[in-house]
Amino acid sequence: MNTFTYQMRVRHSEGALVRILGLTRRRRFDVIQFFAQPSPDGDFMDIEMTVRSARQGPTLARQLANLLDVTSVGFLVAEKAIAEKAIAPQAASVAC
Amino acid sequence: MNGAQHLIQALEQEGVDVIFGYPGGAIMPVYDALLDSKIRHILVRHEQAAALAADGYARATGKVGICMATSGPGATNLVTGIANAFMDSVPIVAITGQVPTSLLGTDAFQEVDIFGITLPVVKHSFLVDSADGLGEVVHEAFRIAATGRPGPVLIDLPKDIANAVAEFAPAPSHGAAISLKPAYKDITRAAELMRQSSRPVIYAGGGIGMARAVSEFRDFAELTGVPVVATLKGLGVLPPSHELFLGMMGMHGNQAANFAVQESDLLICIGVRFDDRATGKLATFAPHARVLHMDADASEIGKLRAADAAVVGDIRFALAQLAFVLPISEWREKCAAAKAEYAWKYQRSSSGEIDARYFLKRLSELAGEDAVVTSDVGQHQMWVAQHWQVARPENHLSSGGLGTMGFGLPAAIGAQLGRPDALVINITGDGSIMMNLQELVTLRRYDLPVKIVLFDNQALGMVRQWQELFHNERYSEVDLSDNPDFTAVAKSMGISSFRAERESEVEPAIGRLLNESGPVLAHVAIHPKANVWPIVGPGKSNSEMLEEEAR
Ligand SMILES: Cc1ncc(C[n+]2csc(CCOP(=O)(O)OP(=O)(O)O)c2C)c(N)n1
Ligand SMILES: [Mg+2]
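Respectively, the protein sequence lines represent chains A and B.
All residue numbers for the first sequence refer to the working numbering, where the first residue is 1 and numbers rise by one.
All residue numbers for the second sequence refer to the working numbering, where the first residue is 1001 and numbers rise by one.
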């Protein structure tokens, strides 16, 4: 089991949070911590989510980045940042 | 104009010519608006068929398919079709009526949370909250469905919003479609791997057809001279007779294709997702190969097998950049020899019964390479994949990811409406046909000249085969010997039909099927114990294929 942390900026739109949590569960990642707060303009939410899984962390980062409401994803393994933002440039450009 | 009229106008602006649907209370304003539109509505007899027909339309034409249903049971009936499109990355837009906004969340009559129910099987979804923004939602839905890795998009439309008067909303100008050029450094790395390889194989998937990259793919394959194997959805990237094409890989693939993959030192994976039906036991899949993975979707890279190099973005660019000659003639000859050795052999049956494999081969030859074949799910689907001469991916419509029994007939309806001049043939089984049998009435209603071949083995044959081979012949709930008289059923729905059961009837049956105008159903009896060979057992490696003699 590994622990991964993702930092996301998410558009505040219908179902955005459920999409993120649903995808995370379906891909067999167990959420152990979740913080969300509105961005200053209220249009976005800034999320930090920590999960546990036997699966590959970067794969979930790319899958999260594919969600259209997710505008950026940062990915950290065990507190150590290994990739920041725009994990999937193609997805990010679609979402923006 | 009200919201419903805006919706229809936006669909017209998107060039929609046909919608597959079924009306009901919550979607009535849209059906009212449809009366004043040139868009053709096809009334199916079950909403699942609407979604699957939209899927078939999209696969056959490359355009976005549209289906529509009312709230509650209408919407839930669409779900299988939406999931089918999701699994195979097919661009469809599904429109559902919903209870009025004020009743949302109150368990109102025919209220279901279709937005929530479909979340895992859509690329994106909208619950419309204002009539003014409806046009924009439709345009956005089309853009999302068709760009990048395609997929289904749901628009859930509450009835009060469909009825609300809205400002005229001009069509938002469509920016140029986003097509992402792969990074130069990734192309360079990919080229390096190709140059270092002496036994490369191209593992070609459905992403090639979906990206409309077949012509770039063919140039790439021919210039590099790399042998090609295809997944079920990749069939047609090269014609089967092409010298570089080794056949379908995987569980029911060709021995030559699986041999080449297992022996290769570089797998050039294009538009694939390492599905377990294709790879067999993943740990022993292509054990000596490095992996070069090209895909529109970054999240496929490394999902199941680590990539030594990856090229993400529009594969047409990547293929054009990477098309250079490779000095691998010895390897190519080895693969060609395997292809010759394992070529399908068609023997006359000693019992005089019809062999589905030979029937399909002959029908495919006589139908010609422009024919579109749709398949249901089961043994007959695998025989189609093995024995049909698929000339282009958009001519072979098969439910790959979800494996949806009942796909074939609605998909044929969609394909025939999308390509009215094409010869469309549905190959089905006695189990699968019953899943959307009611759509025979739709064929008659719109006089769609779809030809149906129903292979009747009096069984859920594929499940029966697994029980025979992997469950010690413990047959459980696979017997269909109480099938109805399918010719009589078809006739009662206005479809011309006939039965064939002897080998001597194959040529006349095919002749009648192809020459009779309008829809025709051929009820073809085959042996109940005919099996699909070769086969890789569940959990086994692709190098452990069982042949018929090895039973
Ligand atoms: C909707 C659905 N239910 C169940 C299955 C499981 N399944 C796969 S193949 C098959 C048998 C199909 O029977 P038939 O259409 O007669 O084809 P055959 O294998 O006999 O050629 C079944 C039940 C499925 N794929 N889809
Ligand atoms: Mg059957």
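Just so you know, these hints were derived from the structure itself, not from any lab.
You may find that some hints are simply not true.
[What the hints assert, rightly or not] Not everything, but these chain B residues come out facing chain A in the computed CB check (under 8 Å):
1. G1116
2. I1117
3. L1119
4. H1124
5. L1127
6. S1299
7. G1302
8. E1341
9. A1343
10. Y1346
Predicted model only: the values in this text are computed from it and were never measured.
Ideal placement from N, C-alpha and C gives every residue a C-beta, glycine not left out.
Structure-based check of each hint:
no.: 1; hint: G1116; result: holds, 7 Å
no.: 2; hint: I1117; result: violated, 11 Å
no.: 3; hint: L1119; result: holds, 5 Å
no.: 4; hint: H1124; result: holds, 5 Å
no.: 5; hint: L1127; result: holds, 5 Å
no.: 6; hint: S1299; result: holds, 4 Å
no.: 7; hint: G1302; result: holds, 6 Å
no.: 8; hint: E1341; result: violated, 39 Å
no.: 9; hint: A1343; result: violated, 39 Å
no.: 10; hint: Y1346; result: violated, 44 Å
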